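J.: Next come the chains, spelled out residue by residue.
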Amino acid sequence: MSLENLHPSPVMKEFLPVEYRDLIEHGPYTNRNGSDKQTVKVTDMGKFKEVIEEHPMCAGCAMTLFIRLAYIGMPNPEHTIVVGTAGCGRLAISQASVPFIYGNYGDTNAVASGLKRGLEVRFPNQKKDVVVMAGDGGLIDIGFQGLMHSWFRKEKFTTIMLDNEVYGNTGGQESGMTNHGKVLKMAPRGKFGDKVDALGLAKVAGVDYVARLAPTNPARVARTVRRAIMVAREVGHSYIQAYTSCNIEYSIPTPDVMKDAFEIEKERYGFEEIISPLAKEYLDDVEKKAKKKKSDK
Amino acid sequence: MANVVGSSVCRTAEDEGKPADWVPGGEKQTVVDPMKMFHELPREMQFITGSEAARESMRRANIDIAIAYPITPQSESMQQAGYLYDEGFIKEYYRAEEEIGTFSAISGASRAGVRSLTATSGPGLMRGMEAISSWPGARTPIIMLNMCRVINTPLAIQPDNIEMSFMLNTGILMLHAENQQDFYDYPLAAIMASEQVDVTLPAVVSVDGFFCTHARGPVKVTPAEYKLPPRDGWRSAVPAMDNENPPARISRDAPIQKSNFISYHMHASWQQEVFAAVERSAKYFRDYLGGLVEVINPGADDFIIASGCAVSQAREAVRQEGEQGRTVGLVKVKTIRPFPVEEILDAVKDAKRILIPEFNQAGWLHKEVCSVLYGRCDAVIKDGPRVFGGMTMPTEMILEWLAEFRKEVK
Ligand SMILES: Cc1ncc(C[n+]2csc(CCOP(=O)(O)OP(=O)(O)O)c2C)c(N)n1
Ligand code: SF4
Ligand SMILES: [Mg+2]
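Residue numbers (the working numbering), protein chains in the order written: chain D, 1 to 297; chain B, 1001 to 1410.
Hint data in this document are derived by calculation from the structure and do not stem from the laboratory.
Since the structure is predicted, the reported quantities are computational estimates derived from the model, not experimental observations.
One should not assume that every hint holds.
Listed below are the simulated DSS-like cross-link pairs for lysine-lysine, each with C-alpha atoms no more than 30 Å apart in a straight line [said to hold, decoys possible]: (1) D:K41 - D:K288; (2) D:K127 - B:K1018; (3) D:K127 - D:K289; (4) D:K191 - D:K259; (5) B:K1367 - B:K1382; (6) B:K1018 - D:K154; (7) D:K127 - B:K1028; (8) D:K259 - D:K47; (9) D:K127 - D:K41.
Assemble the whole structure, with the sequences as input and the hints as a guide.
T.: This is how it looks when you write it as structure tokens:
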């Protein structure tokens, strides 16, 4: 979509909903001063119109914070399509002003493979970013096969796992990403087996950019999402695994959600990036260019 | 993606060994008006298998992307699709991980606004059924070729079209090819109908496996230098998921996710519209196929209603009865969805006896016919003869059933 498409004709402007006008006047789509990337910054949150603002998720849910940050990190939201599936996250993702495909549970990485290839055929001269955002269960259990094969095929899109270590949306059953021994619904005697090492699998599968993080550092979340999307655009697949606690099913008091995130991060969910040499070369290149532009000003 | 300049999903055509000056086959073809292709272009007779007929159909269909997973008896056709990709008649192609992956991926491709083709057979169809049954609601024009095969235990790879019954209530357009010729013509017609703005639905062209796919028959094909117009991703009942529209909450299903009264109404009206779109496709199939049915001997007392391979067997029965001086009518049902209710009623309005031969155990066509003729036609409708599990249906079987029927119903 050309950014020009977003500008309402002056006579129509006053009839448009204020949300739309805000997106144009105070949102991530414009005010770019010629930049081909969105220029809104995490540190300005609250001062600009976000592509996602409302959601019906539980109060204090860390997943919603992560999702908001992920949208801020998208380099070109006007050319981005998000693919999701059943699970809590889709309740927020579907409210964003970025197209969202909600398919069947676990189908995300297959849908995104076809979508990305189709978009490449139809828009050979315009990069379209495809981003999968789905739960731990949706990706590592029911969607495992599609996830793995999209990695093996090096499909050029980004997968983001919203890892709350539980089936949140169906009321708290254990998932493949739940830790060993954790008592949850359908694991009355504690979970059997370890948390699946999805990062290890991604590495073995040759995913070009792999990152693990918790939403403790908002600017880092946005930067990681941006890097992942840039790598998927030009190099290969990218995978982000984000700890997004479920305060309801893990009984985390709402005021303590961030405290939990910091603790878990310290304990076992520290920030980690695994970048292939090709992706590193590419990222160095684009990030150096961006720095140079800034210093030129 | 061998054929798209600057593409990055796969390697370029040059990377894959094509010379720098390679011109994809599809780029040497000329777009022709569909009605001209279907009814006016000269045709050359070829003696080819059903799988080869499918290949020739695909060659002329201007397909952007083909994704499939191998299964007998479909594999032959989708390998041919691979060769077409290599020759540059299909722009993008890959073997998917399995059928849920295949049918999910092809829905993603269609959502990108490109012409998307897949194919399968019995067990593959059943494996992918959750994905397939969500295509119509997503309003994704997709063309699927379905080479029918046994689905149940004990395992067999033989022809049996029971799987078609599982698609009857999904909102998918369904055609049933009788022979190799239909398997060439129907996909082209189905593509054009499915992409009409007031239709915007997936279409499945089924054919009875092996009998058609692996046997040769005469097929009249149009010149290979002509192809259908491309899919226009901008013309559609719902926007493509390409982010080419100004931002809005354009998730096609967001409100439906909320458990409140809006969700009931949203889902209900959406489904109503899907099934209305199926009916609206009828006018296109009438133009493209010259009717939803073919009728032989209208006004006869005895009628056979059939689809797929059973039509060929019924044709022979009609001919042999004719030799004996008895006139038997035949309705060939080309489109199972939309179901040609009025056409069938009109054809059999004076009939006394209706026989419905089928290649499946359930008799789904019999049930369909009964449900639309109930209370509107005086004929007695017989549920059979039926063969399944790969058996053939000898013409004698139909003749015997007819003879018996005449004794039963005077
Ligand atoms: C085919 C199918 N099987 C099961 C479900 C039920 N289902 C919906 S959401 C969900 C769990 C979601 O867990 P996860 O993917 O981890 O996302 P979360 O809700 O935790 O964010 C399940 C099992 C479904 N919708 N479809
Ligand atoms: S159930 Fe858990 S993951 Fe889902 S919205 Fe509530 S807190 Fe968040
Ligand atoms: Mg979860």
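J.: Run every hint past the structure and note whether it holds.
T.: Hints versus structure:
Restraint check for K41 (chain D) and K288 (chain D): satisfied, since their Cα atoms lie roughly 19 Å apart, inside the 30 Å limit. Taking the CA atoms of K127 (chain D) and K1018 (chain B), the gap is about 24 Å. The hint holds against a cut of 30 Å. For the given pair, K127 (chain D) sits about 19 Å from K289 (chain D) by alpha-carbon distance, which is consistent with the 30 Å threshold. For a cut-off of 30 Å, the pair hint linking K191 (chain D) to K259 (chain D) stands: about 25 Å separates their Cα positions.
For the given pair, K1367 (chain B) sits about 10 Å from K1382 (chain B) by alpha-carbon distance, which is consistent with the 30 Å threshold. Note on K1018 (chain B) and K154 (chain D): the hinted pairing holds, with a Cα-Cα distance of about 22 Å set against a maximum of 30 Å. Annotation: proposed proximity of K127 (chain D) to K1028 (chain B) holds, straight-line Cα distance about 27 Å (limit 30 Å). With a CA separation close to 25 Å, the supplied pair K259 (chain D) and K47 (chain D) stays within the 30 Å bound.
A hinted pair counts as satisfied when its Cα atoms are at most 30 Å apart, and K127 (chain D) with K41 (chain D) qualifies at roughly 22 Å.
Of the hints listed earlier, there is not a single one the structure fails to meet.
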